[in-house]
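Top line first, the protein sequences correspond to chains E and Z.
Under the numbering used here, think of the first position of the first sequence as 1, with each following residue one higher.
Under the numbering used here, think of the first position of the second sequence as 1, with each following residue one higher.
It is possible that some hints are incorrect.
Same chains, same names: a pair is fine if it fits in one copy or spans any two.
Straight-line alpha carbon distances no greater than 27 Å define the calculated DSS-like cross-link-like pairs of lysine-lysine that follow [as the list claims (entries may be wrong)]:
#1 K6 - K21
#2 K29 - K58
#3 K29 - K113
#4 K58 - K119
#5 K6 - K119
Honestly, the hints are just simulated from the structure, not real lab data.
Keep in mind that this is a model prediction, so the values were computed, not measured.
Protein chains: 2
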Amino acid sequence: MFFNGKNLYIEWHEATIPWLKIFAAEPRKELTDCSERTLADLWSAVLICERTMREHYKPDKINVASFGNRLARVHIHIMARFEDDSHFPEPMWGQRQRADRPTQIDRAAFEAKLIAALKQADI
Amino acid sequence: MFFNGKNLYIEWHEATIPWLKIFAAEPRKELTDCSERTLADLWSAVLICERTMREHYKPDKINVASFGNRLARVHIHIMARFEDDSHFPEPMWGQRQRADRPTQIDRAAFEAKLIAALKQADI
Chain E
1 MFFNGKNLYI EWHEATIPWL KIFAAEPRKE LTDCSERTLA DLWSAVLICE
51 RTMREHYKPD KINVASFGNR LARVHIHIMA RFEDDSHFPE PMWGQRQRAD
101 RPTQIDRAAF EAKLIAALKQ ADI
Chain Z
1 MFFNGKNLYI EWHEATIPWL KIFAAEPRKE LTDCSERTLA DLWSAVLICE
51 RTMREHYKPD KINVASFGNR LARVHIHIMA RFEDDSHFPE PMWGQRQRAD
101 RPTQIDRAAF EAKLIAALKQ ADI
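With the rest of the complex left out, here is chain E (with noise of 0.2 Å):
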């Protein structure tokens, strides 16, 4: 965890493209489970992360997914894609289409500038 605001936590998932996870403080199963005050700042922030992500990372898309399917607990993923990543186009859970990028994710400035937006939309 790098970010822990008010209503929900921010984790780097471990992979070889810059890849997010947004988890909701308060333990529930779907989003129409969160409090409104949750759910406005899970929306906040994954527009945030997209944001930062674009500016940063240059991907050629963002992708958004909120599964939680074997842990029942609200997250959304968020994953700067690239035309040669690992399964591009394919989601990142379908089927690999080649080798990893070899490119190594800068997180430390990625890091300073997502929790810098964060916080001054006080999430």
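Take the given structure of chain E and dock chain Z to it, following the hints.
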């Protein structure tokens, strides 16, 4: 298309589970390219679709995803998942786990409920 709102429209995805696609009316690549109004309606529609699916289909889990790696136009998938469906607990883009559910999807009664809820929310 069975619902055409001010800023979005909704289609069924042909599948053996209840599966909707919410499209932004404005042709944008990423969520953060959409107008504030479209974003607000998309998020409300996601929650209304989830709530109506839960009430009507009693799924084991709702899945939500926005990829657009092939069709770079903002659209959000909302899926009602069941423990005995073809892919559970994998996402619908993952590896098939078993045969399709034989269940008939009752669309008409669900559509009526969903459209009423969307109209009530002024979407």
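Against the structure, the hints:
1. Taking the shortest Cα distances, K6 and K21 sit within 27 Å of each other inside one copy (16 Å), while across copies they are farther apart (31 Å).
2. Taking the shortest Cα distances, K29 and K58 sit within 27 Å of each other only across copies (14 Å), while inside one copy they are farther apart (32 Å).
3. In this assembly of identical chains, K29 and K113 lie within 27 Å of each other by CA distance solely across copies; the values are 23 Å between and 30 Å within a copy.
4. Taking the closest pair of Cα atoms, K58 and K119 come within 27 Å of each other only inside a single copy of the chain (23 Å); across copies the shortest separation is 38 Å, beyond that limit.
5. Taking the closest pair of Cα atoms, K6 and K119 come within 27 Å of each other only inside a single copy of the chain (10 Å); across copies the shortest separation is 32 Å, beyond that limit.
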